[in-house]
Amino acid sequence: MTDTGIEIKNLSFGYTKERLFSNLDLTLESGNIYGLLGKNGAGKTSLLKLICGLRFPEAGSCSVLGWQPQYRPAGLLEDIYFLPEEFYAPAISAELYRQIYAPFYPRFSPDTFQEYLREFELKGGKKLSEFSYGQKKKFLLAFGLATRCRLLLLDEPTNGLDIPSKSQFRKLLARAGEEDRIILISTHQVRDMENLIDPIIILDEGAIIFQQPMYEVTRCLHVELEQVQPSGDGVLYTDKTLGGYVVVRKNISGEETQADLETLFNTVIANRDRIGELFAPAGMKASAGGTASGAAAKEDA
Amino acid sequence: MEARLVNLSDTISVRRLGRLLRRDFSVGYKSVFIAMAAVGGFVILVSVLSALGRELGPIHFQLYFPLLFIGGFIVTSMIFKEVHLNGQSVFYLTLPGSSLEKFLSKLLVISLGYAFGSLFFYTAVSSAAEGINRVIFGYGHSFFNPFQRDILLAVAAYVVTQAVFLVGSVYFRKLAFIKTSLYLVLFGIVLTIVVAVVGWIIFHDFAVGSHIRLEPYMEELGRSGEMEAVLRPMAEKFLKIAKVLFWGAGAPVCWIISYLRLRETEV
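First to last, the sequence lines map onto chains A and B. Take 12 as the starting number for the first sequence in our numbering and just add one per residue. Take 530 as the starting number for the second sequence in our numbering and just add one per residue.
Pulled out of the complex, with its shape left as it was, chain B reads as follows (with noise of 0.2 Å):
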């Protein structure tokens, strides 16, 4: 007899991810509600004292990205960890649930529910705090207005960058954010050496030196018309597909990553 297939209705439930869902609420709502207050109060003590002594800028604009970013990238990064602590790995993977739901579920805490929660949660708070600003002060700083165009990208980016977190907290048993901090760094360094490289082989014609000099080359092709003509078009595809590997590819190809080292994790 062959062993039973595994059908979609196995793979993946709306019901069992809702039970996923709660389960994650019902134990981690405590944590997230000490962070809330700390951030909450801190946010709110900025602001007076910014208020206080009259320096009335962007505040709430400052404070909003480091949030979303910083701390977005620090919880993604524990998002994983019961899968690699003792006891509670067993129990988490042994809970009724396809691979599939465990990582969707943790997926959407922590990049919609996080980027939307901590918008929602921001406009409160600032909005709290200037309303004791200007009961204390009868001034403020403006308010933070979660529908202002560079706040949304800001969200989107962050759905789309957090994802590399994502694959370091199923991959790393410690340590997670700080780990996949350096490799990024240290991927950012391969990648300036190997431009460096490329760049040399390409343009070593032009080297004075150590040094690349494009300029002449540069004049030539503006006065020639090339320029125009091929390097802009060329150089606008490139942005082109940067733009569309950062925005459609990037985030897909970390959450497959993902999904696929928790469906293979033993423990």
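Pulled out of the complex, with its shape left as it was, chain A reads as follows (with noise of 0.2 Å):
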């Protein structure tokens, strides 16, 4: 257990007595830019809200920056900084937000946040209630990344962001990965996310089945765009698409070639077993991005 990480072990949750997440294992570390890939109702959501203390678990433990996040302790909650799908805007102007909750947070740069304020193109003087839908998220989520603080999530963060501001919000976010810092993404919207968010993390029916660093998944798989459509054991995956099939294979000519995360995110959850299988001597030996974890996975492995 570590006070600049989070740590999940055997953490047993649900909302009916059919549990959401049944001992579940998970370690995340700091400098990374975390990416929570699942279907819905997978627990993504639940699980976000587990590690900032607004769910509680029913068994197991869960340690976040070294606290215990059940207990919302201030010390906890001004290192982390939830921005929910369904968030709240308070109908003042941005810059009293500023004045009101800035100071809640010790790390706090007001420069920074003006900076992300103008790359965003949003005014510090108007009235939040006046902002778009985007807009409002564009402002929580400078905000946010103005904290400072060492633990980020972000729910479905380019949910309702228009091209320029998905495009700005990756840029941000590439910026604000900071050594200390966690950021934990959870999205549907794996295409915003391309190239940002790394390590993986697949959650499936309550387990992670998958935790990798990217380089890993291009160490171990090989992903071709054929014209015929393939068969036979090799194949993990295939998929049609423009011009041919996207095919994924294990890799064992050493190649390295690049796997968009659908494409990644549908082999994983068509091959929970042999994918364990494949990545599990390499889950083993990667650490940049935490390690490979949760009940289905052992059991893969």
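No lab work stands behind these hints: they were computed from the structure. There are no misleading hints in this set.
Quick list of in silico lysine-lysine cross-link-like pairs, DSS-like style, CA-CA up to 25 Å:
hint, chain 1, residue 1, chain 2, residue 2
1, B, K610, A, K138
2, A, K138, B, K559
3, B, K559, A, K147
4, A, K137, B, K559
5, B, K559, A, K134
From chain B, some residues computed to sit far from chain A (all C-beta separations above 10 Å):
hint, residue
6, E584
7, L711
8, G777
9, R790
Just so you know, even glycine gets a beta-carbon here, dropped at the ideal spot from N, CA and C.
Each of the two chains sits in its own frame; use the hints to bring them together as a complex.
Structural data, given as structure tokens:
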């Protein structure tokens, strides 16, 4: 257990008698922008809420930056910024918002905040209620980044952002990644997160079935566009696309190919067992992005 | 490695409490001013109209009580509204501040803040109303005296009784005022039934039909001197205990329940 990362051990949690998470293990280390992917109802938002103390585990332990989040201690909350999908922006001016809320965050940087507002083309004197949905979201993102919290939790951050804003968001977030900071992004919009999130965590049926840095994905998987639909044991995943078939195989040639996140996600979901076997040795070696874990991953290995 | 322990500075800090109070005021002051304008207007209008009709009773005494109690209970019922609203609840609960600080900031605003705020506000508004009456009619109602014993006693009673509505505010997602009031009525009915049943069991020997007739027994007790020697001290003791429970225990128990509920809130 460290006071710089997140460590979840044997965590069980559920909304009904049927548990959403059972013996969930997850370790996240600082200095990474993690992407949390999963189908609807996989438990992504619940996991984020457990991490920031909005939900309490039924069993097991959850340590966030050395704290137990279910007590919601002020010391931890000063170091967490959570932007949920359904967010709240009070009907006050952006400047007043900064004056009221910035003092809550000891490391808040007014200069960084102004810089981010400029980049998002937002006016500080305007009332938040006069902003569009996307503008409000950009404002809260700018504020969250300026808090310089060590843990940034973003739930579907690019939903509602226009195309230029998505690009600005990627740039800002890439810059915001610091050595002592963990950014955890839960998203369905994998195309928006391409080349930003790394390592990738995939949550399915209440378990972490995949947690790998992108260099391990490149090392283990070979992705190619082929004209004819292939078959055979070596094929992990195929998908018909414009101009042929995207084919994912085990990388035996050592050639580096780039798997997009959507293809990776579909490959992992379609081959839970085989992906587990394929990445098991690599997962042990991989340390940069945390350790591969989760009940299902353990079973697969 | 053990998880970091939550120490006193993580639980309570005057600085963070001040920030929470400032935030509550900055976000909610407009609604407060609108409510004050509406109540102020109403008080002046009623005061002027009753002076016009030469009904010069203790009007401000009568008007202040509903403002203090009914108004206060309604506002108290809404004080934790943001804990129950989507989006706002996440925002509020993740705001850097311990559950104790969040609870105390709301408690201060709604108990002492509302009680003394309403006292100050009503004194000002009623003085203005009486000033207007005297300018227009040359006479008016007696001025509202905020230091009157009954008024100060009412303020203290408000601080104690509003704690029940504070519990309702944390517990109920919607219609907290109505639900808390209904629960109180229900509690009153249950208490009445319990007292009636216990009374019936104890005094059923004195039953005449469906009524208990204690008069002959009381007369006998009075004659024998037991009424003064035994019953009166016992009744006084009960009254004392009830007073201690009301003034000393009721509110703190409700505050503890509210705080624990806030701490255990999941969204």
